[in-house]
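A.B. asks: Take a look at the letters that make up each chain.
Protein chains: 2
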Amino acid sequence: MKSCPKTKAGYINVHLVPHSHDDVGWLKTVDQYYYGDNNKIQLGAVQYTLDSVVEELKKSPDRRFIYVESAFFWRWWTNQDAEMQEIVTRLVNNGQLEFILGGWVMIMNDEACSHYNSIIDQMTLGLRFLNETFGECARPKVAWQIDPFGHSREQASLFAQMGFDGLFFGRLDYQDKEFRKQNKDMEMIWSASPNNLGNASWLFTGALYNGYNPPDGYCFDIFCEDDPINDDPKLSGYNLVEKVNNFINIAQDWAEPYDTGHVLMTMGSDFQYMAAHTWYKNLDKLIKYVNRKQITNSSRVNLLYSTPSCYLQEVNKSKRPLSVKKDDFFPYASDPHAFWTGYFSSRPTLKYFVQKANNFLQVCKQLAVGAFNGHPPQKIVDSVRDFSEPVGIAQHHDAVSGTAKQHVTDDYSLRLTVGMKSCESVVDKAFRKLQHASLNEVQAESNEFPRSFSNGLSTTYEFCQLLNISVCTASETMSDFVVSVYNPLARDLQNAYIRIPVSSPLWDVQGQSGLISSQIVNIPQPVLGIPGRRSKALYELVFSVDSLPGLSLSNFQIRKNTTEHVHSLKIKSQLKAIKKGGRVIHSSASNLAAANLREDFMIKNSNGLAIVFDSITGLLKSVIKGSVEVPVEQNFYFYLGMAGDNSKFEKRASGAYIFRPNTTGSQPSPITERVFSYQVYKGSHVTEVHQVFTEWISQVIRLYDKTDLVEFEWMIGPVPVEDNYGKEIITRYSTDIPTKGVFFTDANGRQLKHENVSGNYYPVNSRMVISSNEDLSQDQLSLVVLNDRAQGGTSMNDGEIELMLHRRLLFDDAFGVGEPLNETAYGTGLVARGKHWLLLAGEGTGVPISKHREAAQNIFMDKIMGFADVSLLQHNEYSFMRNAVSTRNPDLSARNTMVSGLVQVLPTNVHLLTLEPVSPTQFLLRLEHFYEKREDPVNSEPVTISLEALKQALPSVKSIMETTLGGNQWIEDLKRFEWIPRTVQENANEHVSVVQGAIVLHPMEIKTFLVNT
Amino acid sequence: MKSCPKTKAGYINVHLVPHSHDDVGWLKTVDQYYYGDNNKIQLGAVQYTLDSVVEELKKSPDRRFIYVESAFFWRWWTNQDAEMQEIVTRLVNNGQLEFILGGWVMIMNDEACSHYNSIIDQMTLGLRFLNETFGECARPKVAWQIDPFGHSREQASLFAQMGFDGLFFGRLDYQDKEFRKQNKDMEMIWSASPNNLGNASWLFTGALYNGYNPPDGYCFDIFCEDDPINDDPKLSGYNLVEKVNNFINIAQDWAEPYDTGHVLMTMGSDFQYMAAHTWYKNLDKLIKYVNRKQITNSSRVNLLYSTPSCYLQEVNKSKRPLSVKKDDFFPYASDPHAFWTGYFSSRPTLKYFVQKANNFLQVCKQLAVGAFNGHPPQKIVDSVRDFSEPVGIAQHHDAVSGTAKQHVTDDYSLRLTVGMKSCESVVDKAFRKLQHASLNEVQAESNEFPRSFSNGLSTTYEFCQLLNISVCTASETMSDFVVSVYNPLARDLQNAYIRIPVSSPLWDVQGQSGLISSQIVNIPQPVLGIPGRRSKALYELVFSVDSLPGLSLSNFQIRKNTTEHVHSLKIKSQLKAIKKGGRVIHSSASNLAAANLREDFMIKNSNGLAIVFDSITGLLKSVIKGSVEVPVEQNFYFYLGMAGDNSKFEKRASGAYIFRPNTTGSQPSPITERVFSYQVYKGSHVTEVHQVFTEWISQVIRLYDKTDLVEFEWMIGPVPVEDNYGKEIITRYSTDIPTKGVFFTDANGRQLKHENVSGNYYPVNSRMVISSNEDLSQDQLSLVVLNDRAQGGTSMNDGEIELMLHRRLLFDDAFGVGEPLNETAYGTGLVARGKHWLLLAGEGTGVPISKHREAAQNIFMDKIMGFADVSLLQHNEYSFMRNAVSTRNPDLSARNTMVSGLVQVLPTNVHLLTLEPVSPTQFLLRLEHFYEKREDPVNSEPVTISLEALKQALPSVKSIMETTLGGNQWIEDLKRFEWIPRTVQENANEHVSVVQGAIVLHPMEIKTFLVNT
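In order, the protein sequence lines correspond to chains A and B.
Anchor point for the first sequence: position 383 equals 386 in my numbering, and the numbering is continuous, going up by one each time.
Anchor point for the second sequence: position 304 equals 307 in my numbering, and the numbering is continuous, going up by one each time.
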């Protein structure tokens, strides 16, 4: 380890750590924070922080600084001249400037609402940037999650796999913190994957004494209100004696719960060190005068400039046995009335966009490698990066969390949109290359960084990113077009359903082997009325594809059918409506048969899945799978958000961060006891029940013909607030499954953890499970709800799954954002539309684990569709009708070996997590065993992949080397600190990773490879 | 002139002047501003400004900075190591760091409430500090009064005499400014002493375009809310094009009214440049990109780092003819409802303290030179400086002006008190030396800078600084003591009256020639009731001294007379009271003779001066001098202060800065139509009428036996505000003198100027005059009121003099101080006590000029009294009774030649303005011709003083050299810019200053000499 400062044995060594916490967007946008725009909102200009810190570090080799936010550092670094870059490199190499964490996002991603795929990506982006810029000396050794509002075990596990020696954070439940202080348990071993990865996932974890702030009275930033250290006795403010003595007392207090003779003191806070001089001038004095007391007054306190990694080294040397932590730090409460669980669901449309952006980014990355045969031009690499960056930034703990100001949220969306355009051009080129499009044409296009945000890049394909609200300009306006469907899973997708918004009802669909049966479904009227929705689409064309091969592109031609007779499909719809309050809004109610009103009705599919509705209420009543029927009532409810001025704990309002219903502990109110109206559309591919609950809540419950999932597409908004009450809308699935107070949520979309505390909210990134047996590997009755974005969820009563869908609130909760969470668009409250999927496993139907693992993967690695005029195919003299395209087409196999071949190499329990270009001659590959131990009799076993076969399946491989998870260190160089657990732990798993000529993947293991081409 | 930046002919040269306006106390105390304490109130820490500016100047030789506030710079400089001092010296020498103004106070003293004596002193303190530290290169050439609230012609005259080339200011009447902008008359020649000094008093004067702020949108301080210049097109905030183009437009707009091809742009504001980097980084970009447009877009705007002196040099070169200004910039209005005339009277007790502090400081300085024979020990020099500094600081435009926050005002008072202690120790030593006290004893005492403010220095003498409220612990508690009276005037004071508070009525007073007749006067009961007044004194002992010799010390022994018969004085009091509302508060009303009630009564003295009272109202009715009787009614009135929230101009409140009665233009209301009670005390030395107007206003009208002045000692407070109305209290002297709307006020206590605008307030530092003839040199009927502190005054109606005495207000006026001017002490509203003196000159009684000139001087150079136990004299084996002390005593003459001799050398129209130690071997001497031309047949003539006689009269003179007024440049080196007036001026006076072997002083001339001993 490079030069750490000397400490003094027998003393309390106070490691003063100068730092600045620079949010990558919060009250201001990331660029505003970097440059110092919009200072009216908040004084913050990171450019000056980096400028001035470097100046101050030059003045004394003792001084240190840690920097975290690569996103900012990158902006700064690229604007420095060679001389300054050299100076900075020297400061990095001698340890004065130390990078911590190193994720791209900012300092630190959100731990509740981020998908593990995105966490890994954003960390990789930052870690590799540092590695490429400064080399090994700059490799962060410490993770630094000082601000996120609760901490996920999975995050810790990922950090361990990235090679971090330790993790520090600032926020944990106030009672837990008090308890840990008293028990000297502020530092611990986090066993972050106790059932799977063993001590490979152990991570030293330290809770900081005072968040990430300095002790009271010792904030020396230019913006601070504490008095500087005044050592000039001629002046009236002379306070040296008092400042020194007081600090010695504080140091002793802080050191006590850590009990190693070392304590880390965070000397900084939000956007500090913009004028670093004020800090260092005063810290120099503090160190000088406090240490002087060692001689004159026998003080046993020793101050030193230090860093978290230097501190950690000393703690490690102390060999103090540590307790072992095995669960999450969720939910986080900062006081008895401030549970930070609102942000799990805040800003549902942003959360969805972030999830979809990751989906598209993964496709973009894969194709940048695969379609270019492992040798993407630099422009392609850059374009991928141009999207990687905003997707990374979106993981920030004030971005995807929904806790930024509205204008900042808009900026995140804009960045995602602009970045997506870059990747659309990549995907466009890749799609065309895969279709024999002219190589010259593809390469000749410019792909420069857009000069301004408003410039899009024109593509041949249109990617219709608004399909979630049934909008697609291409399919709405063209009468003969091709839809090219890419499946980014490294396995074939069976019985895939394609939905395309269209403006007229009669279409022919042609696939590889001729005409394909299709169906037209009405787009529900509430959807047509979404404010701001600009679309001619009134219908969705639905068809089924038997199989979308893994990592492949499939073409379908969609042509308007002008001859009515050729049209073989019919819209079969059975329309029902229920009067409520004497008012019927849907005219379709007119053809109701009175006799039907009292009968439940059932919808079935060919997989033996059926759903039953109550005709009276129009609500879902039960779900039948095979011989098992489980009563499942689904309805929407609302909490009234607490109003308050936050003047004291009891007056805390529900807001962007905080979820606080105004009648604590009581049940939420149902939106309605029975739906306002419903319509049933039956068809050969899908049967849909269109429910209207109220003017602002509607839902489609959808049963595709060949599926085990019931799809719920909810639409909520504008949430009415004319009554001056903020509202938080949930959906609840109520069953009679005896869950004994236990429910399961995913951890950042990956491992499942279980919580015994009902009545509290937890983050749900991909799914929530309730079951009649706590051991999910057993055959049992269980219900899974999968979601399409991060949401907060709970199981308030046995047998229930509750997920929060939308929040509209009228009060700020006083944790800084300074705005009520009252999203509007087009002059009214925001409308959100999204999906849940329900999966039932009854006793005797087998363990459902693999089904929902696969289903969750299908959702976050969804197929991507490109739309183009049919002339695309004709231009390229490609006869669509004769030779339907797939990447498996023999004609393409030479160029696309990787894409098709990899699918055959990877076993069913291995997920292709990452295929990402690093340069024109390098890419990153991550393979993930996506099952836990003992979950599944087959899939939970370790698997072995032949290295040679892998090489053959990947494009142009010259060499392949394993790295740590962040892609910034060879796995063989990984050497982490060892820690002594206070209690004996189960035998840790020591995996042999690479056996001779093969890769072995154990449950939940991710292996990362840098591949040279 | 040292390296000024190159300009471009044919271009608009924009002189960017980086600067920080660092108030020496306002919202925070001076030390708090220097160090950065109390940042909760305001972020300000000058230590960092100086630190960071030096760092930034080092980075590029083009960068410049001006610094103004010597008081801060001195604090900083003394804490720097040799290396840093050398760097700074280099930056000063190459012109990058330029000192401007250079006064000690801060940047700039108040121009309304400061006495010219104090202005000269504070400027000298700063200018000489710079000269001693850096030499000639650091000599400020430009005066910089950017913030004071109106500008005095006398201030400009003093600047001219200090050798400044020009003056810039930021605040002038908004209409005047608009007019000047339109007429391209923003820069002018201020003929600052048109009747006396001619063009020796000419001063280039420039009004700044935007106060002292940068153009909107171009504030680049770390605390500013304008966006930085973003030249990175990759970022969303990229604004370079807009910033550059907009700036070019602004530069053209700004340059227009100046019309020389040059414009000065103030790039800074209050307490900026604490992190200078942010400013310079952006200014560098601005200069680079704006100038680049010269090539690409043929822009004619040229930016350069510059300084006011470099700018002024270019303006001078342009030879543009300028208009000539001959009057004041008072009063200052910033909008139609914001007349900045309240501060003329705000905080009356502070204003008095500042005046008295100057009085004591002058005595201290004189004695430090005179009593130590021109060779004061360094400790004495330092002690004088320890008082000079706070007295200088007190002249700050937020100090004596009364516009600082209360806690800051308290700090000014504390500083004056502590500084006064230093000078008390000097005066104490001097008094004792003059009395043959043991030299060893005097020198052995420590005189270190007090470690903390609470430490006083013990002295033998007590100086009783609270005599103004009739408190003196020494005289109240001792029964046999000496009072030593020093007269700091360089002329004998005839018929001086001494007043000493005592706790019992029977005393003997012994002077040089035996027992002196004395009188006892009751201290008025309202005075005894002043909250917080801790005193046993119930009486004042009054006696008369025929002559107090100039610059001399006179001793008087005061001894309690225990034998009643020896007591030759009687208290003769005639008691009257007037019933009002059926209530009599003074029991003395009981012995009223009913017959007297209807008769006016008159009081006379032996100088032929008489005053007549109306028995019914108890008010002054007329004043008689010789054969002339003028009706003079005097009464107290109040304005109700405007209440307001300052949300718009019309809602402006009356406050610390602003005077705004709530019924604009209307007459103020009288406190009462007739006094509540009055008592008359007649005696051989003084007759006093003690008036009680109301529970919170009382007054003593006092007629000493041998005087031409009627003394009014008013006492006001606590001003009642229980009715929720703020009140502003005035006194008004109403006569029938036909003044035709004209009245005269002094200018900083010196020249008289006249204003034709009645109905407005003007600052009055020493006196106000109304007259039947505008030409004051003529024999005429005139009335003079002299005051003891700065006050605002006006003559609302012909024949009236109105002066504002006290203000208690309940609303802030929103110009920054953020507090209503609601002074309290001891839990209730502040009580203020002070004096006016009325002088009447009737036709045939001769021109009164010399009388009120002398009277004003007597007031601001009042005698100083020291009280000591009689043992002081006995200890020193000094037989008081045999040999009464005066500095003229032959025994002392050898040591005190200067003190006694100077009085004989100086003619009656020459004032010894300054006698001040500079070092143990140097002192500063200032001689002032204190008459204007044509004022007085004798005194208005030029006078010649023999240099040889002067040398003889001064102590230990080796050489004597004339300097400019600030004492920082030899008079022979003075070379100022010449300017071309737009209109022909009267022939300017060119004085020959020093004729062969003699000094010639012309009217209003001040000559400054540096004397080596």
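Think of the hints as simulated: they come from the structure by calculation, not from any bench.
Glycine included, every Cβ here is placed at the ideal spot set by N, Cα and C.
Do not take every clue at face value.
Per the computed footprint, the stretches of chain B lying under chain A, defined by three or more beta-carbons under 8 Å from a beta-carbon of chain A, are [as the list claims (entries may be wrong)]:
#, region
1, 34-48
2, 274-286
3, 532-541
4, 925-937
A.B. asks: Compare the structure with the hints numbered earlier in the document and write down the numbers of the violated ones, lowest to highest.
C.D. replies: 3 and 4
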